[in-house]
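Participant: In order, the protein sequences belong to chains A and B.
Using my numbering, read the first sequence as starting at 287 and increasing by one per residue.
Using my numbering, read the second sequence as starting at 5 and increasing by one per residue.
Because the hints were derived from the structure by calculation, they are not lab data.
We treat Cβ as the ideally placed atom computed from N, Cα and C, and that holds for glycine.
It is possible that some hints are incorrect.
[Claimed, not checked] Short, incomplete list of chain A residues facing chain B, as computed with Cβ under 8 Å:
{"id": "1", "residue": "D354"}
{"id": "2", "residue": "A358"}
{"id": "3", "residue": "K361"}
{"id": "4", "residue": "A408"}
{"id": "5", "residue": "P526"}
{"id": "6", "residue": "T527"}
{"id": "7", "residue": "E542"}
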Amino acid sequence: VRVAVTGIGQTKYAAKRQDVSLPGLLREAAGRALEDAGLGWSDIDAVVIGKAPDMFEGIMMPELYLADALGATGKPMLRVHTAGSVGGSTAIMATHLVASGQHRRVLTVAFEKQSESNATWALSIKIPFTPGLVAGAGGYFAPIVRSYMRRASAPDHIGIKVAVKDRLNALKNPYAHLRLPDITEEQVRESPMLWDPIRYLETCPSSDGACALVLTDEDTARATDRPVAWVHGLAVRSEPTIGAGRDLVNPWAGRECAKDVYAQAGISDPRTELDCAEVYVPFSWFEPMWLENLGFAEEGTGWKLVDDGSTALEGELPINPSGGVLSSNPIGASGMCRFAEAALQVRGLAGDHQVPDARLALGHAYGGGSQFFAMWVVGAERP
Amino acid sequence: VSARDVAVIAFAEFETAVEPQRNEVEMLIPVIQKALADAGLTHRDIDFTVSGSSDYLQGQPFAFVGALDAVGAWPPIRESHLEMDGAFALYEASLVLQHGAAQTALVYSFGRPSRGEVDRVLALQLDPYLVAPLWPDARGLAGLQAQAMRDSGRYPDVPEVPATTVMDGAAAVVLAVGDRARGLHPRPAWIRGVDHRIEPAALGWRDLTDSPSTRAAAARAGALDPPPDKAWLHTPYPHQEHILRDALGLDRVAIDAAAGPLMAAGLSRIGRAATAIHRGEVNRAVAHATSGACLQQNLVAVLEGVPA
């Protein structure tokens, strides 16, 4: 069964969304997705939610609490958790529900409301008899970035350039959290060094927010008068946290996942065949690293696509026209935002950050210690 | 039996009152190894892996990440995780197998609630603004349900609600499709239907003496079409067997009801039903899993040896 994205809804992302409760936050995104799809709550057959660890909000298995708010009473409801990649894996599970013929119209929502709890606390639990790693995500990924810079002989300003590009893109996205209209490369360079070589303005913010999609079968998709995005391929890959032979700069799981999703979508040269990509970049240097991992550039050359402006909104291969994770990071939703923004582009509904004539786009998410990957390719034409 | 029919071909589990020595991964490794060995497969033969677990039971975020060590995700694997009982992970695996993206799947789940006070931990599943701050314990909520049953007059002899069962354990199931399943097991336990439904969390909005979500799931899974030889029910508290038996319409069917280790209990119910089919003890079985306070969410699976 072919699957289409017929509805997309996002909340305004912000450090603290204290104007809404947790169910209110999810309903803001879900309601917009239903409206976009031209459907009501009762038209939905099943609900799939995803988020990062329960301890981020302090609610155990929140699908139980959220069932009623999401109109799931009497329906199937599932909850996915695959670390940072969860927004992507949640959209993929929802797609399975339709692709298998089990359901015709599925609502999927991913979210994080970090302001109601303390993510750093949730990530800093000391396990007895094991060494504590209290470095945070930045501390974990900084040596990987340093390793990339050395291996690729990449100049220092590449990360700075990505940081500026994504924040300028964010100004064109009404939902984006960070709004830094006056940002300059100089400003990023002068911002505090948090985890050498990652500077303050080269990291993502901490956001509250939710993202929702309505996925439907072909009959439902054909009945709408709005443009839809067709799923051309989807893939997940995982590898262990620790292991001899792992390459954290260019993870095997990421390369395999990309190869799989391109094969399904009939893509042989992603750089020329894809019109744009929404890639999970929580620290600016991950843009050139993922460009290589995703096959957009040969190993060691991804930074050159940043340097020559290819990944800018008006470039040959726009990366993160929405402003990306660097501009909005509701952790559990961040992956689904990438999937949703890719679909918005091929539907031609991305507004000011629309890539002209986008027909085929990649949505990408990763999580854990660069070990969990989820991707989809969506297109304007039915595959 | 069509090419995309899905069957349980192996099941292994471990459960104990308290696992004092081994952590979750150490508890899980031998269970996965046994399930794979019984299936005649190695981890490299598995096309899709999916698990169920809870960070709150393990007392740390990303409980499922460490568990990947038990699987051996190298070379990289196709894998997913639900923060739910493994029975729901089996549901996802069966869909992935059905629509042709994989031939074999490994499903596992684990829980070690003995490390915490499970009655208090489960309070964190409730409305975080209005209910959870009062810390209603799980046994107390089950007590409300038992009292509602007595008050209804339909259940005259409802026993006192015992202490919440605390068990540690892990379960693993290997699934395969069509001819692949037939090649791996002389008597695969075919999944004829799986469905699950949820109800509101607010206890005041529900008739606690009934389980409409179980009834709806059973109807969609085809539980009584025809009736099973035996049903394996997941009952965190004994009085819930009566509610489930009525909702499932299992009047004269043999019942095996148990609480089991949280997060692995539902998958274990499915695994035990499949094992009984493998051994030829029954031909058609219903397995049930539940989640949330007072049977809030329910899954019903129907398994069969040869077509009835």
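Participant: Quick check on the hint: T527/A CB to chain B CB, less than 8 Å?
Facilitator: holds (6 Å)
Participant: Are A408/A and chain B close enough, Cβ to Cβ, to be under 8 Å, as the hint says?
Facilitator: Hint holds; A408/A Cβ to chain B Cβ min 6 Å, cut 8 Å.
Participant: Hint E542/A vs chain B: min CB-CB distance below 8 Å?
Facilitator: Nearest chain B Cβ about 5 Å off; hint holds.
Participant: Under the criterion of a CB-CB separation shorter than 8 Å, is A358/A in contact with chain B as hinted?
Facilitator: holds (5 Å)
Participant: Mind checking the CB of K361/A against every CB in chain B and telling me if the closest is under 8 Å?
Facilitator: Where the cut-off is 8 Å and the nearest Cβ of chain B is about 6 Å from K361/A, the hint holds.
Participant: Report holds or violated for the interface hint on D354/A, using the least CB-CB distance to chain B and a cut-off of 8 Å.
Facilitator: With a closest approach of 4 Å, the D354/A hint holds.
Participant: Hint check: is the beta carbon of P526/A less than 8 Å from a beta carbon of chain B?
Facilitator: Since the shortest Cβ distance to chain B is 5 Å, the answer is holds.
The structure is consistent with each of the numbered hints, conforming to all of them.
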